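Asker: Those protein sequence lines, which keep their order, are chains B and W. Residue numbering for the first sequence is 0 to 397, as defined by our numbering. Residue numbering for the second sequence is 0 to 397, as defined by our numbering.
Hints are computed from structural coordinates only; laboratory data are not their basis. All figures in this text were calculated on a predicted structure; none of them were measured in a lab. For each residue, glycine too, the CB sits at the ideal point set by N, CA and C. Fair warning: there could be bad hints in the mix.
[Stated by the list, open to error] Heads up, incomplete: computed chain W residues facing chain B, CB under 10 Å, no partners named:
hint: 1; residue: A16
hint: 2; residue: P64
hint: 3; residue: P67
hint: 4; residue: G73
hint: 5; residue: T84
hint: 6; residue: T103
hint: 7; residue: S108
hint: 8; residue: S142
hint: 9; residue: V146
hint: 10; residue: Q204
hint: 11; residue: E265
hint: 12; residue: A272
hint: 13; residue: R380
Each chain is listed here by its residues.
Protein chains: 2
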Amino acid sequence: MEISNRESAIAGRAARALAAVGPIMRFLMQARDLGHPDACDFLAGNPLELASQEYVAAVQRAIQPDSPAYFRYGPPWQPAVAAVTAALAGRLGLELVPEDVFLTRGASSGLVLLLRILLDPGDEVVMMSPPWFFYEAVVLAESAEPVKVPLTPGTFDLDLPAIERAITPRTRAMIVNTPHNPSGRIYPEDQLRGLAEILERASAQHHRRIYLLSDEAYARILFDGRAMVTPARFYPATFVLHSYSKTLLAPSQRAGYLAMSPAMPEREQLRRALMLGSISAGATPDTAMQHAMPELERQIIDVAAVERRRDRMVVAMRDQGYAVESPEAGFYLFPRSPIADGLEFCGWLDERHVYTLPGEAFERPGYFRISLTATDEMVERALPVLADAIRSFSPAAS
Amino acid sequence: MEISNRESAIAGRAARALAAVGPIMRFLMQARDLGHPDACDFLAGNPLELASQEYVAAVQRAIQPDSPAYFRYGPPWQPAVAAVTAALAGRLGLELVPEDVFLTRGASSGLVLLLRILLDPGDEVVMMSPPWFFYEAVVLAESAEPVKVPLTPGTFDLDLPAIERAITPRTRAMIVNTPHNPSGRIYPEDQLRGLAEILERASAQHHRRIYLLSDEAYARILFDGRAMVTPARFYPATFVLHSYSKTLLAPSQRAGYLAMSPAMPEREQLRRALMLGSISAGATPDTAMQHAMPELERQIIDVAAVERRRDRMVVAMRDQGYAVESPEAGFYLFPRSPIADGLEFCGWLDERHVYTLPGEAFERPGYFRISLTATDEMVERALPVLADAIRSFSPAAS
């Protein structure tokens, strides 16, 4: 094997990961006057109102030790694991046991943990496009290869024939994100059953199990009374990834979990690897977050308020002439941009203190993303600006 | 490249990492009656007394948000970075800038972050033996190769000629642990200068920079008025790794930092990779721990009490006939076992509720390790048992 990083300060894989996130980091870190009194911050799924005192109090209580052993190195706090297992099993309609549930620092931490125990260098990971910002980078960081499959244009459905064509003898895992960011699509049962058939067939054909990593970070931000459907119900080799970053909107206090389907093949070996990996990769949440978890599991942001903002904006923007779907779940609107160049369009909005992300950040030029975690005031301030924008960029105006 | 994990549920690298930690995990997780009223817990550097209310209060205050942005995704909290930078620079006699200091979840989290950005598959990492329990596993988990060099028998000094012989064109990094666990050795200036010369020479010879990762987790647990000496003063390509797990004895609330030497080559590229890596690998501490850091940096456990326990045990055990060095720093005594088989010896102690770890857990049969984080009561209860032990196992008694 040649030494790939002889000329560089950093590893080849790290350089590839850096290159992969370069564009999105530039979008996110662009100079913007977020402190301006008129600023409308639709950039990311970030809190724009003070965290609830209920949340703060739960963590404050959980940092108070009840024994000398409280802050020891040790296995995860079993009452938290038990609480999370029961809650997740109930929500998803799965029969789960605590031995298959691992506390993590959010969905991303669980994802990195899984990639580390499943992938060897050169393995391939199939993922959807648009992907979450960091999927590609975290796969490259494991010396593995991301293989992107576009979601169906317009509907953002799983393109099952394209997924099947993307699988090779090197495919070791597939990442699916449902509800999907940025489209807000909850993949329906028929698509997930179809996906399971493809993965079963391909695993058998290549004599190599393809694991499905289901990023369900938005699984509790559901609209219109919809229900979450997890692929774990249809494909036994599924890992479910959950984060509290969305349900509690306090993403810088990391907490979440991953769970194996009860029918996961070779569970014992995977359990051992997940336990060791959690220690050595530092995937386990801080003790305070673990002890807060049973209470945090019962807390959730005001989803009805997010849904109201969705409705307000979808109705108003459609009136203004935007093509915009009404998302089924999650934090985002993903309207079409009036012009193909989303960068130019979002730049125009930026100048007027309405901060959004261009479709180029999601491998979908011609769109832009609006986070519904903005305040109601920001929504009302932004709507006239969005109306001006579509008028300014419409063919008649030019 | 052949597909190495076709027949296994987990990756080849994960299987190797699991195998590497198998023995120590078995030692650590052996059934022991730690709840027995006579239990003397000398197993690990773990808290055995209730955490200080000062510590708890600092974290409780730090979880209280002062703005809607408090719990956002975002860069590390700059006042914490500034406080840590000033404190570390003062303690080590280095000129540091905040741009070269990265908040981590302890030394292990910083170590994994560095391995991810420095190593490609097949790269070699030189480490000392005895090593920390997880060095080998975390290197194997990056598809890289650990290369172990024994410390000098008896004194646990750096064996510089052996280190030089262990370096190959594939060597990318070396891990040094000072103060050293389990020997308590602080490597002196002359040895670190010698090490720096070797690493400079080898880097030039192979046209490849060898990075030094200096695990300084015990750097503030110093005895006899001794001072810490960091290799960063002598070798520019050094990363200093610090953890609060020892200075605060609350290891399950993760916090620490890593710092580059001011003379680090190619700092700009490394900064970018460390920033991205911190995000994607989840190396950054929770917001509460970040906000507590300026205050935690001023807190420290009662090191004088640890030193008193060291003196009490060293004097008493020497009287009893044990060969035991008085450690310069850290949490541990590392006496010789009266018999070559440390497992048998520690098993005998286990039966009498005196829980220690055998030298076999540290690649040094014929020794055993005692953690001085035990309480004074445990020390007094254990000393007569240790006296019985050496009598029972001495040649005259058999």
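Asker: Which of the listed hints are not met by the structure?
Answerer: 5, 9, 10, 13
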